[in-house]
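Participant: The sequence shown begins at 0 in numbering that gives the first Met the number 0 and counts up one residue at a time.
Mixed in with the good hints, there may be bad ones.
Claimed, not checked - Here are the simulated DSSO-like pairs of lysine-lysine, each with C-alpha atoms no more than 30 Å apart in a straight line:
hint	residue 1	residue 2
1	K424	K483
2	K309	K286
3	K306	K390
4	K478	K306
5	K390	K15
6	K299	K24
7	K306	K70
8	K21	K299
9	K478	K390
10	K483	K411
11	K286	K21
12	K306	K15
13	K411	K424
14	K21	K424
15	K306	K21
16	K483	K70
17	K478	K411
18	K70	K478
19	K483	K15
20	K306	K424
21	K286	K390
22	K299	K390
23	K309	K424
24	K411	K15
25	K390	K483
26	K21	K70
27	K306	K24
28	K299	K483
29	K21	K483
30	K299	K15
31	K390	K24
32	K286	K306
Rather than coming from a laboratory, the hints here were simulated on the basis of the structure.
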Amino acid sequence: MGVWRNWVGYPGQRNKVSHNVKTIKPLDFNSLDEKNPDLHIEEQDEVGFNGCRKTGFDKALDYLVWAMGSKAAFFLMWIILIIWTVVGIIFHAPFNWQVIMQDGQSIQTYIWDTFLMRQQLVHSFHQNLVWAEFESRTATFRRLLRTVDIEKSSSIVEETKSECSSNEISVELPTEDWFDRMSSWLTEFVGSLTAVVIYWSGIIIWIGCGAIPSNAQNTPPFTGVTTGSNPQKKPFSDTWQLYINTAVAVHLLIMSVFLQNVRERHDQFVRHMLDQILHLDYAIESKLRSLNDDLEPNEKQLLVPEKRNKVLHVIDWYSDIIGTGIGGVIAIIVIVVWIVIGDPMGWSDNWWLIIGTYTGLVGFIDGFVLRNVYNRIVIRDQGIYERCREKERTFFEEVGLPWPESAPEPEKTISYRISAFINEKCSTPSAVGVSILIIVGLIACACGLRWNTTAQLICNTPTMIIEGFFLIILLQAHKWADVKTRTETSALCMRRSTLNSFVQSL
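All chains, please: the whole structure from these sequences, using the hints.
Facilitator: Okay, here's the thing in structure tokens:
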């Protein structure tokens, strides 16, 4: 049970974590030019986000999260799309050709939700540990600087003020090549109001085209082109439903790769800034301890989880299932079972649709859970940033150091306000409940139709249209949250740089 427990963790639990902040002695860290400082703080703690130490399987999942946003994934996606398009042209776009794209995209989104959830949980847990270090060291700096003669250091403060005025806060993502630029531009465009108008215009046109008779997927002999009990064509047919499903599937497939690239670059930016800040903190602490001949340990930090009701506890339990290896194992089992039942079902159209229906319905709920967890993480992180900022402001006032100017907030456009409003409404526990009710309603409808092809398409179409819309409308709200995080980490780095300049001159 020990290995099993360490692998699955404690789903839904959010225990207090006592974090021992490393004490930097003067001989441990002497220069900012040191190339390989020990900045990896996770290893000092007993647990990870799931309450356990990181295993090899966890590391493999973390690598896959990174790989999903790489150029290799981008090229693989286009290779698949080109092959799929060529096959469709050769075989005149048969029914199963469209279903294959939907199945593939549904499975990809299902797996992507697992990776994205894990990325959110791991990144949030790591950031909480790092910001706990910052709070502890700020308290240490305040204690050690109380012995400094402020009048004697007034000239140093003036020099520090001039240095501070030349610093700027950077929040732009690092751009390395054309792929990064393309990802940034595409996510910017897709998250705009223009993209929303284009998307719903396409949906409206598709609904209107439903009145035009299309392939009814019936077998001959036909009772007529559009008449009788077995027509060759009919309005609002299964083929008509497949058109929008396929179009949205391609949209989700392409955007998920670009999105993962932007998310990974954001995380790299934040990790880089946090490493820089820790680097500066080590230098500041080392200098102050050498001046004061001080070896008193840094304050131990206690990470206290948010207060949750039973509903949030259930949501966290489900999110932990998604974000650990359990979700991956469930996905593998489902796919294996699907393949096994293929022969008894004669590899029919219904069989092809089953896996896409399952992953589509489950992925629909996963999307709402992802948004709820992400929104709560953002709210909690903003509270941590605010608390650290106020403590540091008081500290700077005591020492007499200048408080760096904050980066101006971008103008909140109509597109952003709409995105933020929908994001807020769709991130509540009630929204998760509504998503479950929608799924229950769709399953009841499909059961009434005995899970035939039309029934499965009815399950797929509404969920895919809503997923496609949410992907567009929520992009900008997520982008703003990321910009705020980068702003806070960059501002803290600038403040620590100012403090380091002051301390090194003492």
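Participant: Give a verdict on every hint.
Facilitator: Comparing the hints with the structure gives:
1. About 20 Å separates the Cα atoms of K424 and K483, which keeps this hinted pair within 30 Å; it holds.
2. Annotation: proposed proximity of K309 to K286 is violated, straight-line Cα distance about 48 Å (limit 30 Å).
3. With a C-alpha separation of about 23 Å, the suggested pair K306 and K390 falls inside the 30 Å cut-off, and the hint holds.
4. Between K478 and K306, the direct Cα distance comes to roughly 27 Å. Compliance with the 30 Å bound is thereby established for this hinted pair.
5. A distance of roughly 22 Å separates the Cα atoms of K390 and K15; the hinted pair therefore holds under the 30 Å criterion.
6. Annotation: proposed proximity of K299 to K24 holds, straight-line Cα distance about 16 Å (limit 30 Å).
7. Restraint check: the Cα-Cα separation between K306 and K70 comes to about 40 Å, which exceeds 30 Å; the hinted pair is violated.
8. Annotation: proposed proximity of K21 to K299 holds, straight-line Cα distance about 9 Å (limit 30 Å).
9. In summary, the hint linking K478 to K390 is supported, as the alpha carbons are separated by about 27 Å, within the 30 Å threshold.
10. Of the supplied pair hints, the one linking K483 and K411 holds, its CA atoms being roughly 13 Å apart against a limit of 30 Å.
11. Restraint check for K286 and K21: satisfied, since their Cα atoms lie roughly 15 Å apart, inside the 30 Å limit.
12. For a cut-off of 30 Å, the pair hint linking K306 to K15 stands: about 12 Å separates their Cα positions.
13. The straight-line distance between the Cα atoms of K411 and K424 is roughly 18 Å, inside the 30 Å bound, and the hint therefore holds.
14. Between K21 and K424, the direct Cα distance comes to roughly 41 Å. Violation of the 30 Å bound is thereby established for this hinted pair.
15. Distance hint between K306 and K21 is fulfilled; the C-alpha atoms sit about 28 Å from each other, no more than 30 Å.
16. Under the criterion of a C-alpha separation no larger than 30 Å, the hint pairing K483 with K70 is consistent with the structure, at around 27 Å.
17. A hinted pair counts as satisfied when its Cα atoms are at most 30 Å apart, and K478 with K411 qualifies at roughly 12 Å.
18. Straight-line distance between C-alpha atoms of K70 and K478 comes to about 21 Å, which keeps the hinted pair within the 30 Å bound.
19. Only pairs whose Cα atoms come within 30 Å are accepted, and K483 paired with K15 is accepted, the gap being roughly 26 Å.
20. Proposed proximity of K306 and K424 is supported: the alpha carbons are some 20 Å apart, at most 30 Å.
21. For a cut-off of 30 Å, the pair hint linking K286 to K390 stands: about 21 Å separates their Cα positions.
22. For the proposed pair K299 and K390, the alpha carbon gap of about 17 Å is at most 30 Å, so the pair holds.
23. Between the alpha carbons of K309 and K424 the distance comes to roughly 20 Å, so the proposed pair stays at or under 30 Å and holds.
24. Under the criterion of a C-alpha separation no larger than 30 Å, the hint pairing K411 with K15 is inconsistent with the structure, at around 37 Å.
25. Between K390 and K483, the direct Cα distance comes to roughly 19 Å. Compliance with the 30 Å bound is thereby established for this hinted pair.
26. A threshold of 30 Å between alpha carbons decides the hint, and for K21 with K70 the separation of about 37 Å lies outside it, so the pair is violated.
27. At roughly 37 Å between alpha-carbon atoms, K306 and K24 are farther apart than 30 Å, so this suggested pair is violated.
28. Among the hinted pairs, K299 with K483 is consistent with the structure: their alpha-carbon atoms are about 28 Å apart, no more than 30 Å.
29. This hinted pair checks out: K21 and K483 have alpha carbons roughly 28 Å apart, not beyond 30 Å.
30. In summary, the hint linking K299 to K15 is supported, as the alpha carbons are separated by about 13 Å, within the 30 Å threshold.
31. Between K390 and K24 the alpha-carbon distance is near 24 Å, which keeps this suggested pair within the 30 Å criterion.
32. A distance of roughly 39 Å separates the Cα atoms of K286 and K306; the hinted pair therefore is violated under the 30 Å criterion.
Of the hints listed earlier, those the structure fails to meet are numbers 2, 7, 14, 24, 26, 27 and 32, in rising order.
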